[in-house]
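**Q** For the protein sequence lines, the chains are A and B, in the order given. Numbering-wise, the first sequence is residues 1 to 385 according to this note's numbering. Numbering-wise, the second sequence is residues 386 to 761 according to this note's numbering.
None of these hints come from the bench; they were simulated from the model. There may be inaccurate statements among the hints.
Label-pair ranges, simulated between beta-carbon atoms [said to hold, decoys possible]: (1) A/L50 <-> B/G559: 38 to 46 Å; (2) B/L415 <-> A/S196: 39 to 47 Å; (3) A/L136 <-> B/G409: 30 to 38 Å; (4) B/G559 <-> A/E57: 48 to 56 Å; (5) A/I189 <-> B/E713: 46 to 54 Å; (6) A/P205 <-> B/G409: 53 to 61 Å; (7) A/E57 <-> B/F607: 53 to 61 Å; (8) A/I189 <-> B/L415: 26 to 34 Å; (9) B/I736 <-> A/P210: 38 to 46 Å.
Ideal Cβ placement from N, Cα and C applies to all residues, glycine included.
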Amino acid sequence: MTEAQAPAGGGMSVNPTALLGTGGGRGQRLIGTAIAVVLGLLVGALLILLSSALSKEGFDPFLPITAYGALLEGSLGSMRGIGNTANATTPLILTGLSVAFAFRAGLFNIGAQGQFFVGAFSAAVIGSYVGLPAPLALLFALFMGFLGGAAWGFIPGALKAWRGAHEVVVTIMLNSIAALGLNLLASTIFKDPSASFPRTPDVQPEAILPILIEGTKMHAGIIVALIAAVAVWFLLFKSTLGFEVRTTGANPNAARYAGIRPGLITVLTMCIAGGLAALAGSIEILGITRNYPAEYNSTYGFDGIAVALLGRAHPFGVVGGALLFGILRSGAGAMQRKTDIPIDIIFIVQGAIILFVAAEPFLRRAGRSRRRATPSGAAPAGSAA
Amino acid sequence: MSALSAAATRTRLRVNRGWATTLGVTLGLLALLVALGYGPAMLDLAVWFVEFLLTRPYIILGFAVPIAYGALCGVMNERSGVVNIGIEGMILSSAFTGFLAGTYLHPVIGDVPAALVGVGVAVLTSMILSALHAWLSITVMADQIISGTVINILALGATAYFNQLLISTADVSGAPTLKGLTLPGAIVDIPVLGPLANALFGQGPIQTSLVFGVIFLQLMLFRSRWGLRTRAVGEHPKAADTVGINVIATRYRNVILGGAFAGLAGAYLTLESVGSFQDGMTAGVGFIALAAMIFGRWTPIGALGAALLFGGARTLGQAVQISPPPGEIGTWIAGWPAQIFGMFPYILTIIVLAGVVGRAIPPAADGIPYDKEAGG
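Turn these sequences into a full structure, and let the hints steer you where they fit.
**A** See the structure below:
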């Protein structure tokens with residue numbers, strides 16, 4: 001590997017094996033992920049115990065069980081809860097797919113957050129300004145949302161491929177530009193004059209995602225997300241483009257020798273990743289918020305990074321990771337109502353889970369050396385100087 | 386080393402050409418405007434702008450302080466070959482823990498000691514988070530972007546969680562803030578120098594330390610043995626290792642020390658500037674810091690310059706609305722929404738990264754874990 005071939009925008013590039021777990025089969029990776037999830041939940045339990053010790057009601061050693069019980073009850077215990085869980089899982093699947101797809105090409109899409117916003121805004125504007133008959137209005141708004149995000153993803157892809165600018169830094173900047181720029185558009189040109197705070201007009205009824213189960217808030221977005229997961233899986237593992245994406249991710253130079261143009265793949269990958277994250281934003285608008293508020297606040301884009309990691313950048317893993325985080329998210333409110341534990345604990349749990357996933361190579365190495373050391377008995381841990 | 390110095394020369398040439406282009410384009414535009422008869426109006430604007438700069442240095446520097454300290458953290462990390470996008474989370478965590486310590490200690494030990502201990506706690510917090518980042522990226526060789534992301538997620542959740550638990554629902558009054566020197570009126574009234582002295586010394590110890598810290602770090606990085614070693618480790622760790630520099634230890638030390646700067650940025654927010662803590666109050670300052678580091682081409686002085694530029698843009702955004710610049714153009718500029726000024730740092734950074742105006746090139750080994758046994 002020659003230095004000259006490295007992009008000028010940074011020596012740093014994502015090594016997919018660092019993300020997908022080194023060594024070990026799929027089963028071993030699954031066990032590793034499960035351990036990380038359990039450890040993350042344990043960290044949450046410890047913090048809950050701490051908050052119990054600080055509270056005026058006195059120390060309750062069973063509070064973590066009560067809290068997690070309330071969380072599960074809230075997210076899965078009723079049809080209503082299941083509907084909310086599905087709605088929370090939907091955007092997580094799509095932003096997770098966005099980050100995971102880029103991972104496979106050796107790209108780190110920190111920009112899912114900005115692409116999510118662009119998709120949300122595009123869908124909000126198209127959904128409210130363009131009048132079409134029922135199924136077309138929805139499909140067109142979703143499509144334009146996807147396209148908006150693809151265009152936003154094109155920028156870092158093109159800058160990386162043709163100018164060597166590193167996509168991580170560019171997408172971080174683009175996230176802020178998207179938030180501020182769309183804030184500006186939603187409070188000026190596209191502002192709903194009748195609204196009490198700056199936001200775009202409400203989406204027309206024809207463009208709203210239908211409710212799937214009567215009596216719940218579960219909208220059809222989950223179907224779009226699951227179709228997207230299968231489509232990404234097919235694209236990655238069953239298509240020529242997917243092969244080229246994965247080859248570029250594994251070794252851009254080898255890809256070049258194989259006749260693949262890594263630059264083109266980079267641009268295409270970022271466009272698709274941008275479109276996926278934007279689809280999440282579009283669905284959030286067309287299914288939940290119905291308009292784009294100037295101060296739109298959402299962390300689904302950033303959470304996509306965590307979901308992609310937890311799912312080991314595999315489309316079906318992403319669905320699993322998104323479901324876990326979706327359960328945490330939709331049950332957190334019920335937990336807070338019952339136990340007074342702040343909702344934010346679930347973000348600590350999410351962070352801790354990802355921390356343990358990231359540290360897994362170390363944990364595995366430590367485990368292996370202990371296993372090697374124990375039979376010989378020569379070097380028990382702690383005796384080293 | 387000859388390859389290194391050749392690379393350095395090449396960079397310098399490219400930078401100069403970039404600036405020459407910028408200067409040429411700017412002068413050309415000015416000439417065009419004068420030729421079109423906008424000369425007097427431009428002069429009025431220039432007078433307004435100079436007056437703006439001369440009267441508001443303390444606001445500009447105030448905005449620049451957390452950005453610059455965050456950027457110094459970035460410089461320390463990336464110069465030794467570790468990418469850190471977790472600066473945002475570090476600043477937020479430090480802002481919270483410093484505020485927490487100040488809040489709970491000031492009834493016990495008094496205002497000034499509590500604020501000082503708060504600063505210490507803030508610095509320590511970011512150093513601990515940096516140690517975590519160092520361990521993940523150097524020893525575990527986890528992806529450094531992921532490590533930074535983990536820190537950002539954890540910081541956002543943990544500060545909000547403990548804020549609700551220990552501050553918003555508890556019966557406490559906020560933390561005290563650090564005060565600057567009260568300069569005698571005779572000094573403050575001196576034109577140009579007075580406001581400048583006030584900005585430097587009149588606002589608070591963390592703000593005062595910034596300029597000196599930047600100069601010190603600049604000298605250390607480019608004139609000391611530590612600096613040479615740090616840069617060697619960031620540019621070509623294998624070569625550094627061959628001449629006997631401990632790559633791993635150097636990286637650990639610099640990443641953890643760099644955390645202290647992020648800690649100061651956080652302490653500045655809650656213990657010197659704002660005086661309270663809100664969830665997610667950093668609002669991207671850590672990312673602007675990253676932009677300042679890149680725009681300043683990974684040097685402390687450059688980072689300070691970029692932070693001042695970004696802080697100046699934000700101050701300008703407020704100033705045009707409070708006292709609009711004269712003339713037609715002035716009224717037009719005053720109509721610009723605040724978001725335009727807010728986007729300025731990010732757009733500028735992308736332009737620099739794209740190489741439109743003098744390309745920004747990071748240290749060669751930036752973000753690559755050092756594996757002694759691996760080749761190349």
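**Q** Does each hint hold? Answer for all of them.
**A** To see whether the hints hold, each was checked on the structure:
no., hint, verdict
1, A/L50 <-> B/G559: 38 to 46 Å, "violated (23 Å)"
2, B/L415 <-> A/S196: 39 to 47 Å, "holds (45 Å)"
3, A/L136 <-> B/G409: 30 to 38 Å, "violated (52 Å)"
4, B/G559 <-> A/E57: 48 to 56 Å, "violated (26 Å)"
5, A/I189 <-> B/E713: 46 to 54 Å, "violated (23 Å)"
6, A/P205 <-> B/G409: 53 to 61 Å, "holds (56 Å)"
7, A/E57 <-> B/F607: 53 to 61 Å, "holds (58 Å)"
8, A/I189 <-> B/L415: 26 to 34 Å, "holds (31 Å)"
9, B/I736 <-> A/P210: 38 to 46 Å, "holds (44 Å)"
In summary, the numbered hints that this structure violates are 1, 3, 4 and 5.
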